[in-house]
Amino acid sequence: MTRSDAEPLLEVSDLEVSFAAGAVPAVQGAGFRLMPGQRVAVVGESGSGKSTTAHAVMGLLPGSGRVTGGRIRLRGEDITYADEKRLRRLRGREIGLVPQDPMSNLNPVARVGRQVAETLVVHGMASRREAPARAVEILGEAGLPEPARRARQYPHELSGGMRQRVLIAIGLACRPDLLIADEPTSALDVTVQRQILDHLENLTKELGTALLLVTHDLGLAVDRADQVVVMSKGKVVEAGPARQILTDPEHEYTRRLVTAAPSLATPRRRAVVPGEHSQHSEEPVLEVDRVSKEYRIPGRGGVLRAVDEVSFTVGRGRTTAIVGESGSGKTTTARMVLGLVPATTGAIRLDGSEMVGLRGARLRAARRAMQPVFQDPYASLDPTFTVERLITEPLRIFGVGDRAERRVRVLELLEQVALPAAVTQRYPNELSGGQRQRVAIARALALGPRLVVCDEAVSALDVLVQDQILKLLDTLQHELGLSYLFISHDLSVVRSIAHDVVVMRGGRVVEQGPVDQVLNSPADPYTQQLLEAIPGAGTFN
Amino acid sequence: MTAIAETPAETPVANLGRVRGRVVRKLLHNPMGLVGGALLLIVILAGVLAPWLAPYSPTEVHFSTPFQQPGTVGFALGTDDLGRDVLSRVLYGARASFEVGVLSVLLAVVVGVPLGLLSGYWHWLDTLVSRLADLMLAFPFLILAVGLAAINGGGLGNAAIALGIANIPTMIRVVRAETLRLKDTDFVLAAHTMDAGAWRILGQHILPNALSAIIVQATVIMPAAVLGEAVLSFLGLGIQPPKPSLGIMLSDAQQYLFRTPWPAVFPGIVIALICLGFNLFGDALRDALDPKTGK
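Going down the list, the sequences are from chains A and B. For what it's worth, my numbering labels the leading residue of the first sequence as 154, then goes sequentially. For what it's worth, my numbering labels the leading residue of the second sequence as 980, then goes sequentially.
This is chain A alone, in the form it adopts within the complex (with noise of 0.2 angstroms):
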């Protein structure tokens, strides 16, 4: 590309920001540069500053975030502490930004047309009358399908990948020559989330755009960028070309974060516990048998079948993935099996006795042999209680063991999922997004269940960290003999975790079957679209 050109487009150099005073920088010390047309990805964690940088050059940094060391140029103009008229005209024109959630950085209550022609005409790119018409083109440009009647049309209204073009056309209108897409597609599925990167990345190199991208996903960033920006903690760690990074990367954390990433991962965990081979072959703990759910429209009467004669099963000691984007009907088939939506027709069997229509002592009987780890551990434990009353929780319900043999018990679960005994007396909100999840796992555990149900369990967490209880589920399924039926939306994930595989797709299943078989010879199309939308998988593979 335009590498040879001696002045670089933005040049960031031992950038340091903090919110409070006295507080530890977010950023400390960070530094890159980016040719005019180049591509350049930042990726880690939450918490890494990956995103405090990208708003800082904007000049955006929310609440009490300060620059307060280093430089940024753009071209080489020094704009660090620009003032907010500055800005104002250096954003939009100069640098666009395609944000990370599209609803809501959209205005519901007005026309996506209206809301890109305010940005021609703001900066004065387009006249009041003739800024409707540019917007409509802008809109097709960003692979808006019948940009004129979706112009007129509300946020709402369209789809989240079309939010997210909108978004891009907005960035874009002005034809910046710096685009910052801060985790575009992150919010989005991830057939869905490939067609808007191919999209967008030929269109910066058709405007010679050059393109900052924030993400959390290595692969993504490999995949689409040029060079790599590696943060951890608010420092640059390491920088490169995204081969290198990838094929070699010498900093100690990149490579943990290389062997983490899941789309990289070989199906390492798999192993079947020794002696279950007989056993699984004999009864299946779980047997969904043609269950549908459906859903009556209000209004006109209609019935919408979200989902629609699925059926598995789940092998003792095995774990059985479902796997789907959003709408494919998986999370609704594990509230069926966990008993907090009624079927509308089909079988459910734990341990062959039927779970539809159970009350009463059986179903708590049943409730004590499934439990669920939830996606979002923030969520799914109760802020008011402590570590030590969430895990008896269970157990207090159940009548088991009186006050001492409960905190035995505790300590116990504690130390099969890796946790101190000493944060017995914490409050959620104490731990980390990791240690939560963790406490999760052990109040599934507490009543010593033979299947848990894990809905997205690792979905929320970062990369690190979803290897660790990934590794931990694993542990745990061969010292304790579970059976898990995994939801996930993302089958790098899957491959890593299980032994069987449910492709669900608008509420039907169209493949299944091991994970090897669908996984490497896909028969569906629609399982070979996921499998080749996975980021990173032509890398890594």
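FYI, nobody ran anything at the bench for these hints, they're computed from the structure. It should be emphasised that the depicted structure is a prediction, and the values quoted were computed from it without experimental measurement. Hints are all accurate, no fakes.
One side of the interface only, derived from the structure: several residues of chain A facing chain B at Cβ under 8 angstroms: (1) L491; (2) L493; (3) Q524; (4) L534; (5) T537.
Simulated coverage check for chain B against chain A, where a stretch passes if three residues somewhere in it have a Cβ under 8 angstroms from a Cβ of chain A: (6) 1161–1168; (7) 1174–1181.
Residues from chain B that keep clear of chain A, each with C-beta distances beyond 10 angstroms, as calculated: (8) P1034; (9) T1044; (10) G1062; (11) P1093.
Beta carbons: idealized from backbone N, C-alpha and C, even for Gly.
Given chain A, put chain B in place with the hints provided.
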């Protein structure tokens, strides 16, 4: 392996201890909250200690010395038209106002919180309770107070009941909204899968989590009730003369306002201070109870 990502950076210092300690510490670090708290403490102490602090009985009449200026020897805040000591009356009046405030908040909490919880949790009850709340909101509380006074005669108790009833609907709505939000959270869902019953979920999960909203709403109701008591007493529907209340003092002083404003100014200031104190303290409490704000 485990140690790396999950130790120091994310884990708060061990001795941070319990949530309650943190709430108190956050309160202590909020200057406006401290000012509000101090104001309230002063008014409460003045009310509680009124029998010892007041130089005279609040109803003691000094016919020889009406309309004394503040600062007069013997009458620090002056006297009113009947020569009653304004300081003594303000002290006892604040006490009466506070009693009405506390009683009406208690009534609103005792009735409003359970109804809010139930209507938020069970949909079929919601229609009934919410319409009832709408009906109560639509009913002017002054007319209610007039009705109660007509049946039982005026008095501190009636003022408290009327004001409490007037504030029940807003309490129901606040608690109902919190319950609706909380019953769809993952931790309540998790409790369902542990076979926890409705009462356990309401009592152990939803109520404690809704507590901050309830406390904050109570700090909103309290100054409204203090003001409301002043209004009712001013109109002769609340506490009956010659007993002192801040509202009665205003009402009495009104006729002589142009001659001597002092007997009206001091109760007015105390009402303003009470409202200001509760507003500042309520805001600080809301921030302190919000786990999302800083440590």
